[in-house]
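A.B. asks: If you read the sequences in order, they're chains A and B.
Per the working numbering, the first sequence starts with residue 1419, numbered consecutively.
Per the working numbering, the second sequence starts with residue 425, numbered consecutively.
Honestly, the hints are just simulated from the structure, not real lab data.
Incorrect hints may appear among the rest.
Unchecked claim - Some, not all, of what chain B presents toward chain A, calculated at C-beta under 7 Å:
{"hint": "1", "residue": "Lys481"}
{"hint": "2", "residue": "Pro496"}
{"hint": "3", "residue": "His497"}
{"hint": "4", "residue": "Ser501"}
{"hint": "5", "residue": "Arg515"}
{"hint": "6", "residue": "Glu521"}
{"hint": "7", "residue": "Lys524"}
{"hint": "8", "residue": "Met525"}
What the hints assert, rightly or not - Simulated pairs of lysine-lysine, DSS-like, Cα-Cα distance not exceeding 30 Å:
{"hint": "9", "chain 1": "B", "residue 1": "Lys668", "chain 2": "B", "residue 2": "Lys637"}
{"hint": "10", "chain 1": "B", "residue 1": "Lys637", "chain 2": "B", "residue 2": "Lys595"}
{"hint": "11", "chain 1": "B", "residue 1": "Lys544", "chain 2": "A", "residue 2": "Lys1829"}
{"hint": "12", "chain 1": "A", "residue 1": "Lys1515", "chain 2": "A", "residue 2": "Lys1829"}
{"hint": "13", "chain 1": "A", "residue 1": "Lys1482", "chain 2": "A", "residue 2": "Lys1470"}
{"hint": "14", "chain 1": "A", "residue 1": "Lys1522", "chain 2": "B", "residue 2": "Lys595"}
{"hint": "15", "chain 1": "A", "residue 1": "Lys1829", "chain 2": "B", "residue 2": "Lys530"}
{"hint": "16", "chain 1": "B", "residue 1": "Lys481", "chain 2": "B", "residue 2": "Lys595"}
{"hint": "17", "chain 1": "A", "residue 1": "Lys1766", "chain 2": "A", "residue 2": "Lys1482"}
All C-beta atoms, glycine included, are put in the ideal place defined by N, C-alpha and C.
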Amino acid sequence: MEVKNANLTKNSKLRGFFSQIPLLAWIIGGLIAVWLEHLAGDRLTDILMLPKIPVLFGFVTMLKKPLLIPSSVIYVLLIYLLPVFIFARLTRSPLNKLAAALFKVPWLSAVIHIVLFYAILHIWADISAYRVLTLRLTLVAVILTLSLNLINGYMGEFSCSHPGFMALGAYMASVLSLVLFVSDRHFGEAVLPAISGPFLFHLVLIGGGIAAALGALVIAVPSFRTRGDYLAIISLAFMFIVKSMIENMEFLRGPRGLSGQPDYATLPVVFTWTVLCVWTINNFVRSTLGKALNAVRDDEMAADAMTVNTRQTKMVAFMFGAFWAGVAGGLFAHVLRYVNPGTFSIQKLAEVLAMVYFGGLNSVYGSIVGAVSLSLLGEALRPLEIFKWIIIPLLLILVMIYRPTGLIAFKEFNVRNLIRPKQEPE
Amino acid sequence: MALLRIENMTHYFGGLRAVHNYNLDIEPGQVRGLIGPNGAGKTTIFNLITGIYQPSKGKITLGGSGIVGLHPHQIASAGLGRTFQDLRLWRHMTVLEHVKMARYSKITYGLIGAFFGTPKRRREEAEIEERAYHLLGMMGIAHLADQVVVNLPYGAQRKVEMARALSMEPKILFLDEPTAGMNPEELRQMMEIIRQVRDAFGLAIFLIEHRLKMVMELCERIQTLVFGEVIAEGTPEEIQNNPKVIEAYLGKEIVE
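Same shape as in the complex, but just chain A:
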């Protein structure tokens, strides 16, 4: 009992210790850490006798060469953890004041936080091309997971068609950008000068999103007449139909896939779209119009009796989710610069579903956490080869046992609370 109490006070002390630190301090601390890596990373790896800068916080190095575990841990401690904690702790009171000053204009403060956060990612990723690729794919996964959570979590219908929407978006965007900006044998001369590409690319992505949303309409019309398992079955069928349709379309080069997409999906572009996705979806689910989704999920009859147009609510959310899946598909195609229909099948579905249910239903936080952790875990455990496919499912099972709705379910993502200056106890 006494031990427990002691632990409790220790815990709350620790929590108090950290709860006074505003997000701004953490972000600037992170910025310093990645800057430190940029400047001193190479020298430190020499001293620690590491082969090169550990790409994913040392996980890959540790798993490949267990002898290097101590050096990797020291590296992570010296470069990331210590600078961040020390900085955040030491500067908490001036930065609290700064955060309070910024908070007078909340949107500006939010923009500053996002820009600084982007700077961290940019500097961190600058070390190697592998980091850039991983980061971009992770951000695409965030968009995908969040858009599926809108349907499976917020709306509570089980949809399996996300890879299909992604394929529609990926192919639509690929065809558009190959026709418009690239001269190749298959689609002929470029229609527009290549210099306009990076700007018009955003419209190309929206085109991909709209294609996916129209695909969603095809599913939504028959399956939202009633509730039940219809959507799951129809959407699963849709996924396979899209895949085999593309495989049989010669002008899309069938199963060989399309390649040579221009390199427009750079890190800033992917990051911007991710922020846009999180922003709009979070706005939607926190409005009364969006909360209607929860009402429909929890009791459709009551929602109807309280003036909620249930069918329209479901259609809008489904198409909105599909739109973002399409955008994610377009980005995905331009990150890899290659798509084939085989990518968008049951394995992709399992991946996205795992991210949604791992992270947590009905939660923007959860989707971000789920997508980032499973993407990074997938990369970090790569050296384990086949065992990776034992460890990740095992982890999923554990989460399902102890937290059936996911790690961070049913939690509101309140940006205002996040960027607010933190109270300092007297």
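Since the structure of chain A is provided, determine the placement of chain B on it from the hints.
C.D. replies: Relative to chain A, chain B alone:
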């Protein structure tokens, strides 16, 4: 012109005649009661009027226009609010969210507002929230606004349902056994609330109830339903002394 008029409404479930030739006229500000033994078809009548089922025959007009064939949400938006016998609350939502949700059809900021958080949306949501707090205050549950409904005691949940139905500004309110499962203290509070609501909003109330005491005290006119047919209609005293009603409730032998 009656606020709500139902003429010769009949409904069949397959071959079973659940409601037969049901008639009703409700004027603004009236409190009407519907009593009857279990399985008499009281809730079916509510579900027919609110659009959950379509009547096989008959006409229903609300404020002068026909509502048969409309979706439940359209009928609700036309001014017909209701509560449910089996407390249909949304289990993951807070009390405040419940009351705000019933304003759905009155929201004008549209999808653009929902996606991009326009100033118009912020204004409108703030207005809705203020109204919601006002209603919750009236019910005496404003302090519970941020609680998830499943954590609340039963009586408070009933009040949430009431506040939610009032939030849509109905012209007529249907209450399906509002005091089911309540203790005497909660019962007294609920009767007080119903009276208060009628006086404050001037709306008509149509009440299904098992507890005769409550119906007798609240309602101006009462209908008694047995096997889908109205066997008696009148003031509380008339109903109380009607031999057919006593027979339906207590059985023939006892009456004799």
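A.B. asks: Take the hints in turn and mark each one as holding or not.
C.D. replies: Hints versus structure:
The beta carbon of Lys481/B is not positioned within 7 Å of any beta carbon in chain A (closest approach about 23 Å), and the interface hint is therefore violated. Interface hint status for Pro496/B: upheld, as the beta-carbon distance to the closest one in chain A is roughly 4 Å, under 7 Å. Interface restraint check: His497/B against chain A, minimum CB-CB distance 5 Å, threshold 7 Å, status holds. The restraint placing Ser501/B at the interface with chain A holds, with a minimum CB-CB distance near 5 Å, inside the 7 Å limit.
Hint on Arg515/B holds. Least Cβ distance to chain A is approximately 5 Å, under the 7 Å limit. At a threshold of 7 Å, the smallest CB-CB gap from Glu521/B to chain A is about 6 Å, leaving the interface hint in force. The interface hint given for Lys524/B holds, since its Cβ lies 5 Å from the closest Cβ of chain A, which is under the 7 Å cut-off. Interface hint at Met525/B: satisfied, since its Cβ lies 5 Å from the closest Cβ of chain A, which is below the 7 Å cut-off.
Of the supplied pair hints, the one linking Lys668/B and Lys637/B holds, its CA atoms being roughly 18 Å apart against a limit of 30 Å. Of the pairs offered as hints, the one joining Lys637/B and Lys595/B holds, with about 26 Å between alpha carbons and a cut-off of 30 Å not exceeded. Between Lys544/B and Lys1829/A the CA atoms are separated by roughly 25 Å; this keeps the pair inside 30 Å, and the hint holds. A threshold of 30 Å between alpha carbons decides the hint, and for Lys1515/A with Lys1829/A the separation of about 28 Å falls inside it, so the pair holds.
Of the pairs offered as hints, the one joining Lys1482/A and Lys1470/A holds, with about 13 Å between alpha carbons and a cut-off of 30 Å not exceeded. For the hint pairing Lys1522/A with Lys595/B, the CA-to-CA distance comes to about 43 Å; that exceeds 30 Å, so the pair is violated. Annotation: proposed proximity of Lys1829/A to Lys530/B holds, straight-line Cα distance about 27 Å (limit 30 Å). Restraint check for Lys481/B and Lys595/B: satisfied, since their Cα atoms lie roughly 25 Å apart, inside the 30 Å limit.
Using a Cα cut-off of 30 Å, the hinted pair Lys1766/A and Lys1482/A holds, with the two alpha carbons roughly 27 Å apart.
Hints 1, 14 from the earlier list are contradicted by this structure; the remaining hints agree with it.
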